[in-house]
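Asker: Letter by letter, the chains look like this.
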Amino acid sequence: MPLLRNNAFVTDEWTHLDDDTAPGEVTRMTVSFARLQKEWDGLARFPGLLGVRLASPTRTTELSPYLSQLALIVVAFPAFNDGRSYSLARQLRLDGFQGELRASGNILPDQVQFMHQVGIDSLEVSERFSLEDWQRASRQISLAYQRGLFRKAGEREVWSERHQGFSAWEEQPHAG
Amino acid sequence: MYRYDEFDHQFVRERTAQFRDQAARRLKGELTEDEFRPLRLMNGLYLQLHAYMLRVAIPYGTLSSRQMRQLGLIADKWDRGYGHFTTRQNIQYNWFKLEDTADILQALADVEMHAIQTSGNCIRNVTTDHWAGAAADELLDPRPVGELIRQWSSLHPEFSFLPRKFKIAVTGAPNDRAAVKVHDIGLRLHRNAAGVPGWEVMVGGGQGRTPMIAVTVREHLPEKELIAYLEAIMRVYNLYGRRDNKYKARVKILVHEIGAEKFRSEVEAEYARHPAQTTEVEERELARIAKYFADPAFERLSRFVPVFEAEKRSNAEFARWVKNNTAAHKREGYAIVNISLKAAGEIPGDCTSEQMRVMADLAESHSFAELRVSHAQNIVLPHVRLGDLFAIWQKLTEHGLAAANYGLAGDIIACPGLDYCALATARSIPVAQAISRKFADLDRQQDIGNIKINISGCINACGHHHVGHIGILGLDKKGEEYYQITLGGSSSEHASIGTILGPGFAGHEVPDAIDTILNTYVRLRAPREEFLATYRRIGAQPFKEALYATA
Amino acid sequence: MSATEKGQVMTANRLRDGEVVFLTRSGVWSEKIDEAVLALEPQAAAALEARAAEDVKGNLVTGQYLFDAERVGGNIRATHIRERIRTLGPTVRFDLGKQAEGTAGTFAAVEG
Chain A
43 MPLLRNNAFV
53 TDEWTHLDDD
63 TAPGEVTRMT
73 VSFARLQKEW
83 DGLARFPGLL
93 GVRLASPTRT
103 TELSPYLSQL
113 ALIVVAFPAF
123 NDGRSYSLAR
133 QLRLDGFQGE
143 LRASGNILPD
153 QVQFMHQVGI
163 DSLEVSERFS
173 LEDWQRASRQ
183 ISLAYQRGLF
193 RKAGEREVWS
203 ERHQGFSAWE
213 EQPHAG
Chain B
38 MYRYDEFDHQ
48 FVRERTAQFR
58 DQAARRLKGE
68 LTEDEFRPLR
78 LMNGLYLQLH
88 AYMLRVAIPY
98 GTLSSRQMRQ
108 LGLIADKWDR
118 GYGHFTTRQN
128 IQYNWFKLED
138 TADILQALAD
148 VEMHAIQTSG
158 NCIRNVTTDH
168 WAGAAADELL
178 DPRPVGELIR
188 QWSSLHPEFS
198 FLPRKFKIAV
208 TGAPNDRAAV
218 KVHDIGLRLH
228 RNAAGVPGWE
238 VMVGGGQGRT
248 PMIAVTVREH
258 LPEKELIAYL
268 EAIMRVYNLY
278 GRRDNKYKAR
288 VKILVHEIGA
298 EKFRSEVEAE
308 YARHPAQTTE
318 VEERELARIA
328 KYFADPAFER
338 LSRFVPVFEA
348 EKRSNAEFAR
358 WVKNNTAAHK
368 REGYAIVNIS
378 LKAAGEIPGD
388 CTSEQMRVMA
398 DLAESHSFAE
408 LRVSHAQNIV
418 LPHVRLGDLF
428 AIWQKLTEHG
438 LAAANYGLAG
448 DIIACPGLDY
458 CALATARSIP
468 VAQAISRKFA
478 DLDRQQDIGN
488 IKINISGCIN
498 ACGHHHVGHI
508 GILGLDKKGE
518 EYYQITLGGS
528 SSEHASIGTI
538 LGPGFAGHEV
548 PDAIDTILNT
558 YVRLRAPREE
568 FLATYRRIGA
578 QPFKEALYAT
588 A
Chain C
501 MSATEKGQVM
511 TANRLRDGEV
521 VFLTRSGVWS
531 EKIDEAVLAL
541 EPQAAAALEA
551 RAAEDVKGNL
561 VTGQYLFDAE
571 RVGGNIRATH
581 IRERIRTLGP
591 TVRFDLGKQA
601 EGTAGTFAAV
611 EG
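Chains as they are written, first to last, in this note's numbering: chain A, 43 to 218; chain B, 38 to 588; chain C, 501 to 612.
Incorrect hints may appear among the rest.
[Stated by the list, open to error] Only part of the chain B face toward chain C is listed, based on derived beta-carbon distances under 10 Å:
(1) A88
(2) M90
(3) K134
(4) D456
(5) G516
(6) E517
Simulated from the structure, these hints should not be mistaken for lab results. A quick note: this is a predicted structure, and the numbers were derived from the prediction, not measured. Built from N, CA and C at the ideal position, the CB exists for glycine as well.
Sequences are here, hints too, so could you generate the full structure?
Answerer: The following block contains the structure:
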């Protein structure tokens with residue numbers, strides 16, 4: 043599956059281990075959350091970069107003990123209309139996670155901009171859509187009314203811009 | 038009322054372009070229907086029984102004359118010359134084509150309107166008191182916050198794929214005309230003991246299959262914390278709302294299943310973890326928006342207008358219309374005009390493009406170019422001088438808009454039902470028409486007094502029958518339409534869900550059943566006691582006996 | 501005098517304009533219910549489903565399904581009131597829908 047990051051298809055440098063495979067010589071690996079919790083003693087000493095794959099219902103508070111040592115968190119989008127991972131991603135960023143956040147699952151270009159805005163860096167996407175499709179979709183709306191979002195496409199944060207002392211916006215017409 | 042600045046204009050422009058692109062990709066087959074459906078729903082476009090239906094947003098039920106005229110133009114140009122005003126203060130058109138929709142959205146954008154998020158599993162139109170900014174009993178106008186929430190919820194990246202739809206209502210008056218207690222989030226603006234304005238935040242109300250009254254999560258939330266707090270609520274719902282069963286996916290089910298206490302603690306935990314950082318920008322934005330809702334240039338008028346008094350004395354029909362269809366305004370010499378879209382025997386909430394233009398013109402001349410849409414599918418002119426009422430009434434009469442039945446038995450609220458809606462199990466409009474014809478006598482309607490009759494054509498309850506004083510629910514029994522009657526619902530601050538009276542009725546039996554119910558009320562009421570009060574006093578039993586007693 | 505035949509009709513909405521259409525014997529979609537093919541047997545119904553699925557894939561129509569109907573004297577009438585309304589138009593506006601466009605077929609509007 044192509045990996046989309048910063049509007050380009052890139053190679054995935056990570057190895058995604060299932061629950062039974064030993065790490066061997068890999069330098070970057072992800073494990074399931076269950077394995078992370080079960081084998082934390084060993085994994086905490088992993089010399090390379092460690093990541094975790096989350097199934098949707100995980101409470102991000104359960105991740106707090108591990109957050110500072112994770113370089114990658116993969117959040118799942120089992121169906122494109124299942125929006126839980128948007129909140130998971132946002133919570134992880136609000137909790138201070140600074141590593142890479144990756145989306146995996148059934149993703150349409152029409153969702154890319156939303157995913158970027160909640161702090162997702164990379165997406166495992168299907169080959170159905172071209173790079174142009176993804177690039178175009180990632181910058182379709184140039185504004186955001188919400189504050190505190192990630193604005194990879196340079197979206198303008200409307201409320202903040204309205205209130206940074208631009209005199210043009212201070213004269214407001216009255217009703218009627 | 039709110040006016041778009043360059044940001045708002047750009048936003049709807051880009052959203053329209055995005056939809057144009059999505060529709061084109063769908064028609065070319067680059068998106069399947071399953072993929073396109075949530076995207077088109079987020080732009081209010083349904084596929085209904087006869088054609089595509091578009092639900093246009095009328096934020097907090099407020100629109101200008103210019104916008105009303107454009108709604109008429111859209112009806113003429115792309116539909117069949119009429120529209121339908123809904124129980125959530127929006128307007129629906131029933132005969133659109135997918136290939137025209139982007140152009141229609143452009144025509145809306147040209148007058149600062151849109152259809153963004155009027156459907157889909159996202160935050161829908163914020164509704165409010167249709168008398169906001171005009172009502173005599175209002176403490177604070179809730180519409181600035183309605184606009185703030187509208188913007189904040191527009192294309193919110195985190196909350197665009199919720200378990201299910203999400204509806205927010207706001208009120209700023211002690212008499213709640215916004216039904217806040219039966220919304221996913223209800224917000225009541227009030228002052229605490231120290232006189233500080235703040236929000237009572239209620240969550241988990243709703244109708245549909247499992248009607249419920251909202252629980253209070255916060256008694257008094259400071260205004261500036263509102264957005265951050267709403268985010269906490271939405272995040273909890275988005276994460277933990279059920280996604281396994283469409284009929285159990287609303288937030289009311291979550292609140293019910295985990296309990297109000299647990300829900301409250303989840304929200305507070307989320308809010309504590311991610312509290313409002315600085316709120317200065319939100320506060321300034323709210324203040325900026327509030328300027329648009331400042332009072333219009335009211336004149337200094339006397340409460341007593343001799344010409345008006347004389348007109349009432351000399352024209353009984355006019356006097357009746359004034360009595361039934363006008364409401365007390367906060368300013369002396371002004372009134373709120375309620376235009377009933379329920380002429381006897383007509384389709385509730387439907388309005389021709391010509392009628393839209395007439396109302397737009399009247400608003401322009403007599404109501405500071407502003408109109409409102411009510412939850413009862415009627416139109417309001419919020420600020421009218423008493424001296425202008427007669428001329429307005431005459432004009433309304435010419436165009437079939439002067440039915441003097443506002444809030445009375447003829448003012449029936451009905452969803453489109455099986456005549457239009459793909460989800461319906463029975464027709465609702467013919468039932469409404471038959472009841473309306475039966476009660477056409479205005480003297481009788483006035484004697485009965487204030488009564489809310491709500492009809493839904495299926496258990497999704499878009500007619501809000503659960504909170505009707507008399508609710509009628511259309512069902513299907515072995516291929517035949519049949520109707521269940523409930524009594525005692527209310528969407529006020531003393532909200533209640535109606536209770537089923539007994540076995541259902543065939544369509545043609547319903548008007549007589551309503552007749553029996555209202556006759557029973559008249560027979561048993563205390564002096565000046567309104568229907569709901571009588572029902573709450575005597576209970577369902579007398580009505581059941583009257584309805585189901587064997588002859 | 502022809503007997504009443506009972507069977508199923510395949511219907512959908514035309515994608516670009518939402519118009520209600522019915523599958524005919526020749527495989528094209530018609531706006532007129534009287535031109536629809538009435539599947540009298542399960543195999544015939546299955547064939548209609550297969551054909552409709554093709555046209556959904558081809559982005560011609562969407563929302564396809566079979567509904568019960570009967571042919572009386574050469575004209576087709578839907579059995580359930582919902583489908584009758586869909587083939588005719590709103591019962592409260594005889595000036596709208598197929599009933600007004602002359603494509604509704606022979607049977608008159610729903611009573612009551």
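Asker: Against each hint, give a clear statement of whether it holds in the structure.
Answerer: Tested hints:
{"no.": "1", "hint": "A88", "verdict": "holds, 4 Å"}
{"no.": "2", "hint": "M90", "verdict": "holds, 9 Å"}
{"no.": "3", "hint": "K134", "verdict": "holds, 4 Å"}
{"no.": "4", "hint": "D456", "verdict": "holds, 4 Å"}
{"no.": "5", "hint": "G516", "verdict": "holds, 6 Å"}
{"no.": "6", "hint": "E517", "verdict": "holds, 8 Å"}
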